[in-house]
Each structure stands twice: as C-alpha cells, then as structure tokens.
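Engineer: On the provided structure of chain H, position chains G and F as indicated by the hints.
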Amino acid sequence: MAEKKGKKKDPKEWRIDIDAERCKGCGFCVEFCPKGTLAMSDDFNSKGYHPPMVANPETCTYCDMCEMVCPEFAIWQASDVQKKETHVADDLLRMDRMPHIWCPGCGIGTVVNCFVEALHEAGLDRDKTQVVSGIGCTGRVAGYVDLDSYHTTHGRAIPFATGLALGAPDQKVVVISGDGDLTAIGGNHFFHAARRNTDMTVICVNNFTYGMTGGQVTPTAPKGSIAITTPYGAFDRPFNIPFIADSCGANFVARWTTYHVRHLQKAIKTALLTPGFSLVEAISPCPTLYGRRNKLGDGLDLMKFYKEKSVRFKKDQHTTADAEIGFQDQIMVGNMVQRENPSLLQAMDSSLKAKLGDKYVQWPIPG
Amino acid sequence: MENREVRLGGFGGQGVILAGMILGRAKSIFEDKYATLTQDFGPEARGGAASCAVILSDDPILYPNVFNPDVLLAMSQGALDKYIDGLQKGGILVIEEDLVKVGNIDPSIKVFACPATRFAEEIGRKIVLNIVMYGFLVAVSDLVTEEIARKGVEASIPSGTEKLNFAAFEKGYQYGIEQKEKLG
Amino acid sequence: MKADPKRVLTGNHFINGNHAATEGAIAAGCTFAAGYPITPSTEIVERIASRFPRVGGMFVQMEDEIASSICLQGGVWSGRKSMTVTSGPGMSLMMEHVGLAHITETPCVFINVQRAGPSTGLPTKTAQGDMMQAKWGSHGDYECIALSPSSPQECFDLTIDCFNLSEEYRMPVFLMSDEMTGHMTEKVVIPPADQIELVERKFYTGSEKYLPYKREANGVPLMSKAGLGHNYHITGLTHDEQGYPVLTKKVQEEMMEGMMKKVGDNVDKLTRYEEFMMEDADIALVSYGISFRMAYKAMEMAREKGIKVGLLKMITCWPFPEKPITELAQKVNSMIMVELNYGQMFLEMDRFANKYCETDLCGSSGGEVHEPEEILTKILEAAKK
Numbered sequence: 005m006a007e008k009k010g011k012k013k014d015p016k017e018w019r020i021d022i023d024a025e026r027c028k029g030c031g032f033c034v035e036f037c038p039k040g041t042l043a044m045s046d047d048f049n050s051k052g053y054h055p056p057m058v059a060n061p062e063t064c065t066y067c068d069m070c071e072m073v074c075p076e077f078a079i080w081q082a083s084d085v086q087k088k089e090t091h092v093a094d095d096l097l098r099m100d101r102m103p104h105i106w107c108p109g110c111g112i113g114t115v116v117n118c119f120v121e122a123l124h125e126a127g128l129d130r131d132k133t134q135v136v137s138g139i140g141c142t143g144r145v146a147g148y149v150d151l152d153s154y155h156t157t158h159g160r161a162i163p164f165a166t167g168l169a170l171g172a173p174d175q176k177v178v179v180i181s182g183d184g185d186l187t188a189i190g191g192n193h194f195f196h197a198a199r200r201n202t203d204m205t206v207i208c209v210n211n212f213t214y215g216m217t218g219g220q221v222t223p224t225a226p227k228g229s230i231a232i233t234t235p236y237g238a239f240d241r242p243f244n245i246p247f248i249a250d251s252c253g254a255n256f257v258a259r260w261t262t263y264h265v266r267h268l269q270k271a272i273k274t275a276l277l278t279p280g281f282s283l284v285e286a287i288s289p290c291p292t293l294y295g296r297r298n299k300l301g302d303g304l305d306l307m308k309f310y311k312e313k314s315v316r317f318k319k320d321q322h323t324t325a326d327a328e329i330g331f332q333d334q335i336m337v338g339n340m341v342q343r344e345n346p347s348l349l350q351a352m353d354s355s356l357k358a359k360l361g362d363k364y365v366q367w368p369i370p371g
Numbered sequence: 663m664e665n666r667e668v669r670l671g672g673f674g675g676q677g678v679i680l681a682g683m684i685l686g687r688a689k690s691i692f693e694d695k696y697a698t699l700t701q702d703f704g705p706e707a708r709g710g711a712a713s714c715a716v717i718l719s720d721d722p723i724l725y726p727n728v729f730n731p732d733v734l735l736a737m738s739q740g741a742l743d744k745y746i747d748g749l750q751k752g753g754i755l756v757i758e759e760d761l762v763k764v765g766n767i768d769p770s771i772k773v774f775a776c777p778a779t780r781f782a783e784e785i786g787r788k789i790v791l792n793i794v795m796y797g798f799l800v801a802v803s804d805l806v807t808e809e810i811a812r813k814g815v816e817a818s819i820p821s822g823t824e825k826l827n828f829a830a831f832e833k834g835y836q837y838g839i840e841q842k843e844k845l846g
Numbered sequence: 013m014k015a016d017p018k019r020v021l022t023g024n025h026f027i028n029g030n031h032a033a034t035e036g037a038i039a040a041g042c043t044f045a046a047g048y049p050i051t052p053s054t055e056i057v058e059r060i061a062s063r064f065p066r067v068g069g070m071f072v073q074m075e076d077e078i079a080s081s082i083c084l085q086g087g088v089w090s091g092r093k094s095m096t097v098t099s100g101p102g103m104s105l106m107m108e109h110v111g112l113a114h115i116t117e118t119p120c121v122f123i124n125v126q127r128a129g130p131s132t133g134l135p136t137k138t139a140q141g142d143m144m145q146a147k148w149g150s151h152g153d154y155e156c157i158a159l160s161p162s163s164p165q166e167c168f169d170l171t172i173d174c175f176n177l178s179e180e181y182r183m184p185v186f187l188m189s190d191e192m193t194g195h196m197t198e199k200v201v202i203p204p205a206d207q208i209e210l211v212e213r214k215f216y217t218g219s220e221k222y223l224p225y226k227r228e229a230n231g232v233p234l235m236s237k238a239g240l241g242h243n244y245h246i247t248g249l250t251h252d253e254q255g256y257p258v259l260t261k262k263v264q265e266e267m268m269e270g271m272m273k274k275v276g277d278n279v280d281k282l283t284r285y286e287e288f289m290m291e292d293a294d295i296a297l298v299s300y301g302i303s304f305r306m307a308y309k310a311m312e313m314a315r316e317k318g319i320k321v322g323l324l325k326m327i328t329c330w331p332f333p334e335k336p337i338t339e340l341a342q343k344v345n346s347m348i349m350v351e352l353n354y355g356q357m358f359l360e361m362d363r364f365a366n367k368y369c370e371t372d373l374c375g376s377s378g379g380e381v382h383e384p385e386e387i388l389t390k391i392l393e394a395a396k397k
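Chains as they are written, first to last, in the working numbering: chain H, 5 to 371; chain G, 663 to 846; chain F, 13 to 397.
Extracted from the complex, chain H is given alone in its bound form (with noise of 0.2 Å):
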C-alpha cells in the first residue's frame, strides 16, 4: 500500500533495504538519487553485478525516487514502526517469478513500477484490473503482473482487449506492449481502437526495437539510427505515436521517458481513470541493442540523456505533430492530448437506444 504523499518520513523509523540478488547493477538509483545516498559496492552478487550500497544513510529524506525508478524492485524504503518491509509493488507483482527476464539497465521494470503505482494511486480494484500483452520484452510484463493478465499473438493485443472490454465493460483493461508490436503489426488494429475510442488504457514502451528478437528496426526508430535489419540506418521517417493516437481521436495522450518516473506514474494514473481510448507512450532505454548498436552507453547513459534531451510540451505552443523523435534529438514529453468524446460502448448504446427505442435491450453488464 502506497504510503500518503507528502507526509515526511521520521528517518528514525525508516532505512533503505537492497536485496542484492535482484539486482542488475543497472546504477539508476544512485544516478538519480537527489541526496548522494548511494553508492555502486565493489562487491559482486552471484550473477556477477555490482549492487547499490548505502553509502550517506544520515543524507537519506526517502523520497522513494530509488523505490520508483528501480527496474528491478531491487531497493525500497523499509520500516518496523510502519509495517513496510517489502518493495512497494510488491502486491501486485508474481515475486514468485522474480528475478525478471529483462536486462540491466532496460526501463521496461521501471514501467511496470510505475503502472503499479499508478493503479495504487488511481485506487482502482486490482481484480477488476486486466492487463493484456502482445509479443516481445514488453509483451513479458503480462506474465509478472499478479492480475487477470494474457499474453497474447504478436501485434493483437488490442483487438483481444477489445473483445475483453466489450464482454465485460465493468473491467479495467490495460494494454502494455512495445512500439514494435503495437505499432508494426499491430499497427492496424492500434488506429481502429483509437478511432473507436474502444474503452482501454494502452502503455506503450518506446525503446525504438523489436528487442526480444535480437534488435531489428521498427516504425518507432529515429531516421538514421542503427538496427540489425537496417544496418547502415534506418532510411524511412518514424511514426510519431502521439500524433497518430490524437488524429485518430484519443481520449487521452501522454508521453513521458522512464527517467520522468513520476510523471509516467501520474500520467498512467489519468488514463487509468480517462474512458474511452487512453495513450500513455513511454520511451525506455534497451542498452544491449538499441545502445549498444547506435554506440549510446547503457541504461544509464540512455537514462541521463532522457533527462538532458526532454523538452516539455506546452498546450499553447505545441500540437502531437510537434513530438516526431529524430536521432538523439529533443524529445517532447507531456500530457498532450484530453478529450470527452463517447467511448465505443457509450456510442454504441446510445445509437441503438435511439434507433430501437423501447426494443432495445441494453448489453448485459455483469455484477
């Protein structure tokens, strides 16, 4: 349970607890520590990375920034006094399948944690929460999530939400997949959602590659970057996601990097509660392909030029056509895009109600 925001920890009763197995050595938290608290140990765990220390306990005003952008769940504030001894996602995660498959330094974790925070914010009931995935490194969040989760084909994902938020529109349903799948293969069924304004929330991680195939080009990657099936550059302009999702009318569109852990959370939490069709884009560092090909560094480095690079979408100054990302160039993050338009069950009902009059019998909506 999240604990109130705002309300200053008694650094008496809390400490900062490391379960080092877990961890990857990936060095957000100590990066992005406000406090200089940690510090990288020279000790190895036994996969061989370095985990995180407590280096300035007495400079720790647990912030929880260290909680929020671990990918691994790997490091949370701990108290006695305040019945917390575990990480914060910790209830709504199958711990029973960590650690997770992705890498070190990948901000897929990152995401999850912030969809878990999100869901704990916007108060909704975890058994009336669906998460729906496709194929791919994000496709895996569907298996770690401890919700009604599927994983489903490659790229239909949302077609299966679909079907899932029409038969049972009391349901919550989320989809969380990657740029690839949702946007290549999927792409099709990405617009009709969106032009429906179908009733779901959808998280797309942005890390410019199909990263579970071995690193190939997708619509998402900058013009001119590297992938293994355009290895001299990409040569075609990328789809700019939020752009897309507004034209085809939306409810809600945001897009924020994994470094923005607390505007990615807050802005999950808004399209979590939004109806109808709501974006939520989220650029995330992939260090061992898209790094690594295009010579970027690793989770970090992407991370730190995520916080350098990001320029913030102004309502009046700028549309979603402002937000194509080019190679190492600004990246426009925000909450760009809020509508009230009917989603596609509320059209459909009223339509039908209209033209059927006393005849029409209403979907049957469970409960």
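Simulated from the structure, these hints should not be mistaken for laboratory data. Where is the CB? At the ideal position from N, CA and C, for every residue including glycine. None of the hints are false.
Far from chain H, some chain F residues (derived; all Cβ distances over 12 Å): (1) ARG213; (2) LYS221; (3) GLU253; (4) GLY276; (5) PRO331.
Quick list of in silico lysine-lysine cross-link-like pairs, DSSO-like style, CA-CA up to 30 Å: (6) LYS788/G <-> LYS299/H; (7) LYS695/G <-> LYS18/F; (8) LYS18/F <-> LYS813/G; (9) LYS357/H <-> LYS132/H; (10) LYS317/F <-> LYS751/G; (11) LYS147/F <-> LYS281/F; (12) LYS788/G <-> LYS311/H; (13) LYS309/F <-> LYS744/G; (14) LYS299/H <-> LYS813/G; (15) LYS367/F <-> LYS320/F; (16) LYS14/F <-> LYS695/G; (17) LYS12/H <-> LYS88/H; (18) LYS227/H <-> LYS313/H; (19) LYS367/F <-> LYS317/F.
Structural biologist: Only chains G and F this time, still in chain H's reference frame:
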C-alpha cells in the same frame, strides 16, 4: 585424433557462444578440419542461461549432440550445476573463479580456475571476459594450438578491437600455461 | 546459366544454417526479400539486410508477415527472384498468400525455420511440426514442393535448389529448415560461381498476345514481368489461359488440372533422397531434416547390436517420395519414421507402406531432437515383430 567434445556454459551476455564459435572456427577453417557448434538459449538477451557445445573432429561430423563432453567450461554457477554430471571421468573442468564454486566432484577431473571477469576489467572492458576464458581454455586443454586459436580470435572480432581482444587472449592463455604447470 | 561471381562468397566458412541459407539465396540470384523478424529465423533477414545492398538486392522489413508474404510476390512480378523467411506463427499468417502464389503461379521461395508450436510455443527450440502445413495450410487444393536441409551445408545447397525449382515450375517452393539446423554452426564450402547452375524463368518473347497461363509442353506457362508491354492480368480468382477470371466449373477444372499436373506429372523427377546401409536391411528408418542425423546415430547403434537397419533420408518431403518408399516397403519388414512432431510425414509413409510392411513412428512433442536411445527402442520393438 579422437573427437574432442566441449561444453561451454554461462550467463547470456558473457559471450559464451562467441567463445565456442571462435573455437569451432579455429578448428574447421584454420586447421581445415571439422567442427559442429550447437547452442541453447532462452528468451532473455541477458542474464538467462546460455550454452553451446562444440565437437572438434578430423573427419566430417554426423551426430551433432554432446552429452558427455571431455571438457566443460563453466562461467556461471548454474552452468556448472547443470552440466557437471555429464563431464567424462578424467575430463577437464574450466571455471570462472569468482562466479563458480566447485563442490564435490569426481577426483579424476582436472580443475582449472581463472578470474576472467577481473582480468577483463583490468584490461579495460568487462566484455572481453569470454576471450580471456577462451585463451585460458586453449592453454589448459590442448584443443587447438595457440597459433590456430589466435587465428580464430582474429577472424571473429570487430575490426578495430584487435588490441583489446589479443590482450585478453594473451592474458588468459599465459595464465592457463601457469596454472597447467602448477597442476603438474 | 551459371551464378554471378559477384554474388558468391566462394570459400570455406564456419557459419550457421541460417547464414548459409542466405548465401544460398544470394548465390541463386535472389535480389528481393521482404521479411519480418521472428525467432529462430531472424539471422536470415539480418544477413540479407547487410548483404543485399552490396550485391544489388533489395530488402524491406515489412510491418508483419501478411504484408511480407504478398510484398515478395510484387517483387517477383517486378522481375526479380524473391523470397521471405519466417517460422511457425509467421507461416500461419502467410497462408492466404501461399495460396495466392499457387493460383497465380508466382515463382518464389518461402523459408520456414521451424520451431515448436502450436502458437507462440517454444520460440528458441526446434521441431518439425509444420510439414503438413506446407502442403495443406492454405485453403483449397494445390501441390507443394518442399526440401528439408539437415546441415548448414545443405541450407546453402538446397536454398539454391529451391530457387531453381521455383523458376522451373513457376510456383512457390518451401525450404523446411528448423531451429537446430538454422542455429547449428559448421563448415560450409561455397564453390566457385561457375560450379553453381541456376535456372532462370522463361519469359514470353512472342509477338502475339501474351497468355499468362497457357502451358508449354512441360506444363509450365511462360513468365512475364512488369513493363514489357504484355498488359497481363494476374488474379487470385479462378482464371483461364488469358488470366481473366471465369467463374465456372469448367475453367476451374482446367486451371486446377494444369496446376496440379505441374508437380503431379513430375513426382519421380522431383523426388530426391539418399539411402544408407539399405542393401541387407530388415528395418528401415525414414527421416528428413535434422532428425536424419539422430536417426543415423541410432542406425549405427543398432548395427552394433547386430540388427540390420538401413536409413532413407528424404530430401524432398513434398511431393512425397512415394516410389522409393513403396519399393522399400516391399523389401523390409518394418519402416519407422523419425520426425519431431506427432506424426506428419509418417501419415504419408504409412499410407504407401502399410500394405507391405509394419510401420511405426518415432515422434516427439518438439523442443529437442531425439536422443538416439529413443529411436533405438523403436528399432528393438520392430526387430521383435
């Protein structure tokens, strides 16, 4: 020469498969004989188990599988635990010293340990730990000659990385010669 | 016609089956490929992406397999030898367009690097579970030519053969590879270009109106390509010699007969197989692809025990080598199909052989190749009969 069968295992990302490829290439191309490499990997790019098996022969190889290798190279504890039972009596076990602890094994097995991750970090990049292990493996097991082994490395690395990789190979090979002498 | 030396990487290579298949395609003169990444076939598109721009080829990664399987056909009609590469789930998506290639008689190559299914299954593990799908996966009737490599060397050689057959018979041809063969690394000897024979498509060069489906004496119509002024019509609807859709039973019969006889009349010519230790054999193992290598080991083990076992290796799985199988069935007491599935090519072997001898299957759920002991157990059972 009787067939030699080598099993190499470790974590995804340690370069286990590449080490096997270099060995196979050395034998089949530079010695102009025969080698078959087969590999096993899960979906993870990093951190999961990776392993390969290399058969080295002077004649064409038909059956490609290895169940009872005469040489086992283990760069992770998981690899040792999984494959040690298959290692032949009197075989050679090569381990990454810091990551692998050897428990009770058949006393006829000759054990050679190399702190390859530390050597690689000293040389400048952790990523060459597999080349260190490869040099070490070749020195202690006589699978191919040093010259042939080095040709395999040269043909298998990105251009521009020769200095780094040869340094890694040399370090592993020399350390292997020392360890072999110690064992007598 | 000989291969182009600029496209042939002559020499000895230590490469895996997927890379060898790519070199085979390039040596065969393939200059168009449309593909989509899927494990365990991705090394092929990756190598294509790297090599093609250096040899005058065009590769495009499409948005999915449905797009890839029809994009390549556009490439064929642009005048190029074209191919795609996939594995089980992708092959399933491509099935509608396999049918299109058959009915339009479009020469092209589909490479399936099989993995354990069904559905997402075991993406990184081998199987031979798509064999029947190659023949029956698309709706309707059509013949199939499919070759099975059992080594990286064969991946190179048979890919060239696939292209040659597709051009000769003006139809799609399948290379039924598998994950283990695709990822196995061995020495591949690529000969000099002048030792590689290629078959090129025969174009219509007459001055009359071009009839895209008028069959020559060999049963195959002459090809054309975009821009020759033939103004042809190519359709997936049932069509006559002119290529015009004529939706009657009569035309369906004529069209189908022509299509089916292309392969049906040439089964013996197309059939390729090898036999090992068959002269005195009482029991015959039958296998193909990677399973052949395990069966070979089992045969050696059985011989050591004094059991007279021989092995027939199918190189063409489709059309099914009915003649050698039927002849073999009349010579031996038992035939055992060794394959990594629940019995697919077994069904073909059984229907030809079971009136003459005992038949059995050494199958598998897929995921790993057989251990020779499993096959030996079946041999021992058969020896008792």
